[in-house]
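Peer 1: One letter stands for each residue in the lines below.
Protein chains: 2
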Amino acid sequence: MIVYFNGRYMEKSEVRIDPEDRGFMLADGTYEFVRCYRGKPFRIREHLRRFANSLAQIRLAPPAGVDFEDVASELIRRNGMEEAETALYLQMTRGAAPRKHPFPDPPVRPTVYAALVPVTPPEDKWRNGVSAITVPDTRWGHCDIKSIGLLPNVLAAQRAAEAGAEEAIFIRDGAVTEGTHTNVAAVFDGAVETHPTGTAILDGITRDVVRECCSDEGIPFIEEPVTEPRFRNADEIFIMGSSTELMPVVVLDGRPVGNGLPGPVVRRLQSAFRRKTAG
Amino acid sequence: MIVYFNGRYMEKSEVRIDPEDRGFMLADGTYEFVRCYRGKPFRIREHLRRFANSLAQIRLAPPAGVDFEDVASELIRRNGMEEAETALYLQMTRGAAPRKHPFPDPPVRPTVYAALVPVTPPEDKWRNGVSAITVPDTRWGHCDIKSIGLLPNVLAAQRAAEAGAEEAIFIRDGAVTEGTHTNVAAVFDGAVETHPTGTAILDGITRDVVRECCSDEGIPFIEEPVTEPRFRNADEIFIMGSSTELMPVVVLDGRPVGNGLPGPVVRRLQSAFRRKTAG
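Line by line, the protein sequences give chains A and B.
One rule links them: number in our numbering = place in the first sequence (from 1) + 1209.
One rule links them: number in our numbering = place in the second sequence (from 1) + 1209.
Hints listed in this document are in silico derivations from the structure and should not be mistaken for laboratory results.
Just so it is clear, CB atoms sit at the ideal spot from N, CA and C, and this is done for glycine as well.
Accuracy of the hints is not assured; some may be wrong.
Stretch-level coverage of chain B by chain A, calculated; a stretch enters the list once three of its residues show a Cβ under 8 Å from a Cβ in chain A [said to hold, decoys possible]:
1) 1320 to 1328
2) 1344 to 1353
3) 1438 to 1447
Please work from the sequences and hints to get the whole structure.
Peer 2: What follows is the structure, given as structure tokens:
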């Protein structure tokens, strides 16, 4: 597998992250994950805009002269992944320097890593739905930054895995925020409701596409926090993400959601979404 | 510089962290920092007990058959640091595996890294005190885990550095919790007050030693949250940490603390602390 590392293409096994990299010691970095369909990264400009946003929020300048659209194309070409189910993983950290909390002064070269990762489309889960659990949202106050500081997400996702669930859904102040690696929506009387953007959730690209799909389909898309008791009585629940796409949640904390089957709204949105990715 | 990496001693430049290490991509790891005095790690058993605690909280088993006291001695010997001002940095992550949030299943070999880092005793700051700023505590809900997910600390410490301050002190729910890399105490009428342990702060080893010093000196040590308005009217403020030791804060957010000079209580505690590290 050929990857991109600090301006060069090389075998992944040749990449050496310094132990003093601020990504390894301080979680001082951000990342993106871009699904590719038939060799083309989907909504990559939106991903790169969000990446620039995360970088700005942690005050890390984007690397000069790197066009990540080109990097994506080059990785796809060099690895012969034009027809493969794959995704681009992209990460940037503040670089390697003797460990201390403030930024290195003078600044050091940031670390930039990009690689293609295999994707297995979860057809069965899209069709039949998955289960999810709820967990307290103990994450920090800037979930809008797509930071690599993901330990709370890791611990919650592991709880989900051990419960045989696909996702752990965070509850903060009595309302649903999002999942460990997905945004979350509920359906009530034919309308989609999901947490508004802000500092409590990641401004999901798939979430944006779902908003477009709702608009196309004439489905109301309401950005309001859904309280936990309402959430448990939703007609439908679904999770959204770049590799997750739209996945019905049919069991929540062991109890059926609605009638326990994927509902008509998520079905319509899945079809609408599929048309966009086929475009 | 010889470091320890996954069971072996090697030049630091030879250490290769895999880009898929869960420390680099997910902040899925913990660390410790142990000050060494005259070639002897100070309170290393307490540090290792806390390390074991952090590992247990993130559900990572300690590496079998590794005695970090021996690793510390060996690093000091191999690097000829018996007389040097130094500290042991120790980090463990859940290892390298294709990126996904739940733990790798089956588990992979964790990554263990340990190195000596140079320490320059900040004599001038101990003597004359430093300034600090206050910042909102937006960190996650498990600050008792000494995790490598330190981005909020990094951003706050950078704000402090840009304000010419030594430390940024977190305020949560109207009370002082701790600093980005220190615990914080205030003095009122001769008594030391500091946030109780729990999930809001790290259970500091230096904080424990200060508690002992208070006991030795007959100084009351009160573990209660100090509200922000009280904090701003403290007679004295000081920060505590393994390399910070006890450092008077004489300016807070640009205003003098007490009379703007290191106070008598922190002076006595500094002396008492110095006697312990000389032991």
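Peer 1: For each hint, tell me whether it holds in the structure or not.
Peer 2: Here is how each hint holds up against the structure:
Taking a C-beta to C-beta cut-off of 8 Å, the stretch 1320 to 1328 of chain B contributes 3 residues in contact with chain A, enough for the three needed, and the coverage statement holds. Taking a C-beta to C-beta cut-off of 8 Å, the stretch 1344 to 1353 of chain B contributes 6 residues in contact with chain A, enough for the three needed, and the coverage statement holds. Under the rule that three or more residues need a Cβ within less than 8 Å of chain A, the assignment of the stretch 1438 to 1447 of chain B is violated, with 0 such residues.
Consistency note: the structure conflicts with earlier hint 3 alone.
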